[in-house]
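Student: The listed protein sequences correspond, in order, to chains A and B.
The numbers in my numbering rise by one with no breaks, and the one at position 501 of the first sequence is 501.
The numbers in my numbering rise by one with no breaks, and the one at position 204 of the second sequence is 204.
Calculated from the structure, these hints are not laboratory results.
A portion of the hints provided could be inaccurate.
To be verified - To be clear about the criterion: a stretch of chain A counts as covered by chain B if any three or more of its residues have a C-beta under 8 Å from a C-beta of chain B, and this derived list gives those stretches:
id: 1; stretch: 302–311
id: 2; stretch: 390–396
Said to hold, decoys possible - On the chain B side, residues computed to face chain A include the following (Cβ under 7 Å):
id: 3; residue: S78
id: 4; residue: Y90
id: 5; residue: H106
Unchecked claim - Simulated DEER-style distance windows between Cβ atoms:
id: 6; chain 1: A; residue 1: F554; chain 2: B; residue 2: G31; range: 47 to 53 Å
id: 7; chain 1: B; residue 1: L229; chain 2: A; residue 2: D591; range: 36 to 42 Å
id: 8; chain 1: B; residue 1: E181; chain 2: A; residue 2: Y415; range: 45 to 51 Å
id: 9; chain 1: B; residue 1: G125; chain 2: A; residue 2: E594; range: 28 to 34 Å
id: 10; chain 1: B; residue 1: K139; chain 2: A; residue 2: G552; range: 21 to 27 Å
Every value quoted in this text rests on a predicted model; they were computed, and no experiment measured them.
The beta carbon of each residue, even a glycine, is placed where N, CA and C say it ideally should be.
Now for the letters of each chain:
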Amino acid sequence: MDALIRRLGADPRELRVLYKALQQDKTWRIEQQVKNGMDLRSLKVLMVIPLSIISIAVLIISIAYRDNPAVVALTVLTTQLALFSASLVFTIIMDLLGDEDYRVIASWPFRPHSFLLARMIPMMRTALILAAFAGGPAILFAMGAVGIPVITGLTLAVVLVLFSIALVLVLSALASAAVRTLGLERLRLLIVVLMMSPLLLYTQLDLNGEALKGGIDFFAVPAGVPSLWPAALVALSAGQANQVLWSYAALGLLILIPLPILAFNRAARDYTRGLPATRGGPSKARLGWLAVLLGAQSKSPADRVVAVLTLAHIRRDWRFRMQGLMLPFLFAVIALSMQTKMGQFGMFGDPFAERGLWHPAMIWMVLIMVPPIFALPMVSQSGDHKASWLLCMGRVEEKDYRLSVRRLFRRVFLYPYVALLAVFYLWQGVPLHHLAAHLLMLSLLGELMVGQIQAAFSNQPYSLPPQDEELALKLIPLMLMLEIFGGLAAWALYMTAYRWWWAYLVMIALLEWMRRSSLNWGLKSEETQEAPLPVEEPVRETTPLMVAVREGRFHTAKTLLAGGADPSVMDPDGRTALHFARQNGDQRLIDLLERADAREDPLPAEAN
Amino acid sequence: MSPPAVVFDKVTHRYDRKEALRDVSFTIPRGAVFGLIGPNGSGKSTTLNILTTLLSHTEGGVQVCGFDVRTEAAEVKSRIGFAPEEVQLYNGLSAREFVELSAALHHMDPEAGARRAEHLLAHFGLEDRMDELLGSYSKGMRRKSLIAASMVHEPELLVLDEPLEGLDVVAQRIFKDMIREHAANGKTVIYSTHILEVLEGFATHVLLLRDGQVLGYGSVEQVHADLGLEKLADAFPNPSGSRP
Chain A
1 MDALIRRLGA DPRELRVLYK ALQQDKTWRI EQQVKNGMDL RSLKVLMVIP LSIISIAVLI
61 ISIAYRDNPA VVALTVLTTQ LALFSASLVF TIIMDLLGDE DYRVIASWPF RPHSFLLARM
121 IPMMRTALIL AAFAGGPAIL FAMGAVGIPV ITGLTLAVVL VLFSIALVLV LSALASAAVR
181 TLGLERLRLL IVVLMMSPLL LYTQLDLNGE ALKGGIDFFA VPAGVPSLWP AALVALSAGQ
241 ANQVLWSYAA LGLLILIPLP ILAFNRAARD YTRGLPATRG GPSKARLGWL AVLLGAQSKS
301 PADRVVAVLT LAHIRRDWRF RMQGLMLPFL FAVIALSMQT KMGQFGMFGD PFAERGLWHP
361 AMIWMVLIMV PPIFALPMVS QSGDHKASWL LCMGRVEEKD YRLSVRRLFR RVFLYPYVAL
421 LAVFYLWQGV PLHHLAAHLL MLSLLGELMV GQIQAAFSNQ PYSLPPQDEE LALKLIPLML
481 MLEIFGGLAA WALYMTAYRW WWAYLVMIAL LEWMRRSSLN WGLKSEETQE APLPVEEPVR
541 ETTPLMVAVR EGRFHTAKTL LAGGADPSVM DPDGRTALHF ARQNGDQRLI DLLERADARE
601 DPLPAEAN
Chain B
1 MSPPAVVFDK VTHRYDRKEA LRDVSFTIPR GAVFGLIGPN GSGKSTTLNI LTTLLSHTEG
61 GVQVCGFDVR TEAAEVKSRI GFAPEEVQLY NGLSAREFVE LSAALHHMDP EAGARRAEHL
121 LAHFGLEDRM DELLGSYSKG MRRKSLIAAS MVHEPELLVL DEPLEGLDVV AQRIFKDMIR
181 EHAANGKTVI YSTHILEVLE GFATHVLLLR DGQVLGYGSV EQVHADLGLE KLADAFPNPS
241 GSRP
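Based on the sequences and whatever the hints tell you, model everything.
Tutor: Printed below as a string of structure tokens:
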């Protein structure tokens with residue numbers, strides 16, 4: 001059994017310790033193990049098993065009931081909804097237990113709105129995004145396939161959105177009440193128990209989007225798997241031939257099964273590095289294909305920086321890695337479909353085919369492949385990723401750097417894609433105006449996302465530190481509005497493309513104009529800034545807690561903390577109370593402050 | 001004649017209404033090892049942030065190697081090497097890649113950058129581990145990598161904030177030798193620390209800050225004489241006001 005678990009990339013020792021701790025109800029032991037470097041990632045690795053089983057089960061049911069699209073639609077949508085609901089529960093609880101958010105909860109009695117805004121809005125946004133991009137089109141096409149009017153499908157989509165929002169609100173209220181009544185310790189235990197549940201394990205594939213802090217966690221939502229289902233649904237519900245179905249299922253499995261396992265295996269080796277069971281140093285695996293692609297961009301320093309940092313992120317973060325690995329797979333799928341003469345019409349039988357356009361699910365698939373590149377401008381500025389100083393000390397200006405990200409995106413992804421698409425369209429005899437429309441749409445969606453990220457973060461070069469709650473609250477509604485707009489626009493595009501392709505072009509042109517306007521506005525606002533990197537720091541002060549800690553007054557410090565003193569406040573030199581405790585070597589105070597989640601930049605487990 | 005490494009001319013900086021620096025003026029000659037010392041809240045970090053262009057000052061003029069930090073920030077950045085107190089690295093890069101990235105950012109020839117990166121890391125005793133990911137490094141090794149990255153392009157002005165933190169005794173000695181060698185080549189070093197003893201016999205010039213104002217400034221001997229000190233540590237007798 002151990003060998004099997006290890007083969008999957010998990011660490012049996014870690015799992016055994018966690019299980020034992022669970023049995024003995026010793027939460028502290030789990031925390032201790034987490035501090036020592038076991039951060040529950042082995043559980044995430046094991047998660048791929050139930051996820052794969054669920055995926056395969058859905059595909060089998062879909063194929064078995066291919067003559068009855070309603071059953072297929074019901075199966076896929078029910079599974080998606082179940083996973084989505086489960087993910088909401090898990091995400092909310094994880095958020096509530098997270099260091100940053102726990103502070104928000106702790107301050108709830110004093111600032112009642114902060115909790116709602118900080119937690120509700122991102123959840124609602126996720127629900128809307130899922131409904132608009134993944135669930136919405138699937139429902140519409142499923143309904144169309146079984147002869148239900150479009151308006152009914154639309155109604156169902158709206159109901160799904162409203163249901164999701166209501167679900168989020170209710171679950172959030174329950175979860176926050178649980179935090180306040182059960183206490184943090186018991187909930188930590190609960191979360192480990194929940195993690196054992198196969199359905200909830202799925203959410204660890206990242207619905208909470210840790211890698212992309214700042215409110216664009218929808219990038220991390222698909223995780224490569226559920227997004228395939230709407231496409232599968234469409235192919236199945238449209239009553240395609242068996243050969244096509246099986247080919248599609250085979251292609252789907254090709255992506256579903258080996259890739260996550262491969263990615264998890266490698267990531268687990270990195271994450272559990274230093275533990276006895278997996279000792280052996282970091283993975284030396286290099287992503288050769290990506291190095292080649294990115295190496296070709298190294299004409300300017302800014303391009304080189306982007307290339308190197310892309311590699312660093314992909315190497316370090318399994319989410320990036322998985323998405324990075326899937327990018328060439330996309331091309332492989334397209335190439336295979338052409339080879340087997342499936343073509344776009346065979347792969348996605350839907351009303352779009354009549355017009356020679358690709359199904360939205362395909363565009364959605366494309367979009368989920370590029371987040372690593374889109375996310376770079378933000379990630380490289382993030383305090384969590386710790387390279388801001390490097391960018392500011394080098395000669396590469398922030399603006400050049402951002403432009404090079406776009407250049408990289410275009411050269412590595414867009415141009416090859418466009419070339420492939422053009423050849424394919426010409427080969428299929430699709431009119432060129434369809435190609436133009438398709439490219440415009442792709443350009444619009446891609447650049448809209450980049451512009452959105454950059455505009456949202458242009459005034460906050462160091463990402464969003466937890467103390468900047470005010471700024472976060474300003475940005476989150478803005479991004480929500482943008483995303484709602486994007487969702488509605490996408491829906492409008494789908495609908496117009498069905499009957500009036502010329503309206504589709506007009507709509508795209510309009511949106512393109514709006515995009516350019518907003519982009520110019522964003523760049524202008526950047527230019528008017530005096531300095532590209534932070535010019536002002538938040539007011540810092542020496543707090544009573546710092547004085548108490550500096551003078552070794554344990555009980556005073558404890559009383560202050562119990563009274564709501566914030567241990568994360570920094571003095572003018574950027575030091576927290578924990579710094580003073582460490583300098584004095586006062587273990588009791590160190591323990592007290594660590595328990596209070598004092599702000600201290602974490603270093604990874606030391607190797608020597 | 002080349003301009004001084006740093007000129008601070010009546011610089012004032014405010015965070016909102018709070019004054020962090022008030023009317024601070026000093027000049028750092030080329031080739032100096034310049035110690036920047038003061039208790040918490042004295043304005044050391046603000047000073048370093050201003051001269052590294054991270055912070056735009058409220059009033060006064062600041063020049064680095066003859067370039068204005070506000071209007072010629074790119075020129076200033078290209079002449080600076082900065083190792084901040086907080087070690088912020090990309091854990092997904094190896095030490096070698098990280099230092100080479102820093103070299104690339106400073107427009108160094110890739111081969112020369114690679115050679116220099118290898119030389120610096122080997123000097124710090126990391127020759128066998130420079131291809132491992134920074135995420136697997138200990139605190140001291142991360143500090144060494146950071147310092148190597150800041151020195152890779154042989155900057156005219158090397159700015160170090162608490163550089164000895166996390167370094168063992170051997171590494172500290174190597175580091176000091178490197179700093180002396182750097183200064184001997186006509187480069188300038190700014191060294192901010194709360195360990196005042198380190199600067200005795202090491203720094204050529206010092207600036208003592210307290211509450212955002214200059215308490216003493218000049219060569220070490222001159223500051224001793226001006227303030228009537230036997231050693232620099234005597235400038236801040238109140239332990240609660242200085243870093244322990």
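Student: Decide, hint by hint, whether the structure agrees.
Tutor: How the hints compare with the structure:
1. For the stretch 302–311 of chain A, the stated coverage by chain B is satisfied: 5 residues place a CB nearer than 8 Å to a CB of that chain, which reaches the threshold of 3.
2. Using a Cβ-Cβ cut-off of 8 Å, 7 residues of the stretch 390–396 of chain A lie near chain B, which meets the minimum of three, so the contact claim holds.
3. Because the beta carbon of B/S78 sits about 5 Å from the nearest beta carbon in chain A, less than 7 Å, this interface hint is met.
4. Using the Cβ-Cβ criterion of 7 Å, the hint placing B/Y90 at the interface with chain A is satisfied: the shortest such distance is roughly 5 Å.
5. For B/H106, the suggested interface contact is upheld, since its CB lies about 6 Å from the closest CB of chain A, less than 7 Å.
6. Between A/F554 and B/G31, the C-beta spacing of about 49 Å keeps the proposed range 47 to 53 Å intact.
7. Checked against the hint of 36 to 42 Å, the C-beta distance between B/L229 and A/D591 comes to roughly 39 Å, which is consistent with it.
8. The beta-carbon spacing between B/E181 and A/Y415, approximately 48 Å, falls within the hinted interval of 45 to 51 Å.
9. Checked against the given bound of 28 to 34 Å, the beta carbons of B/G125 and A/E594, roughly 32 Å apart, stay inside it.
10. At about 25 Å, the beta-carbon gap between B/K139 and A/G552 stays in the expected band of 21 to 27 Å.
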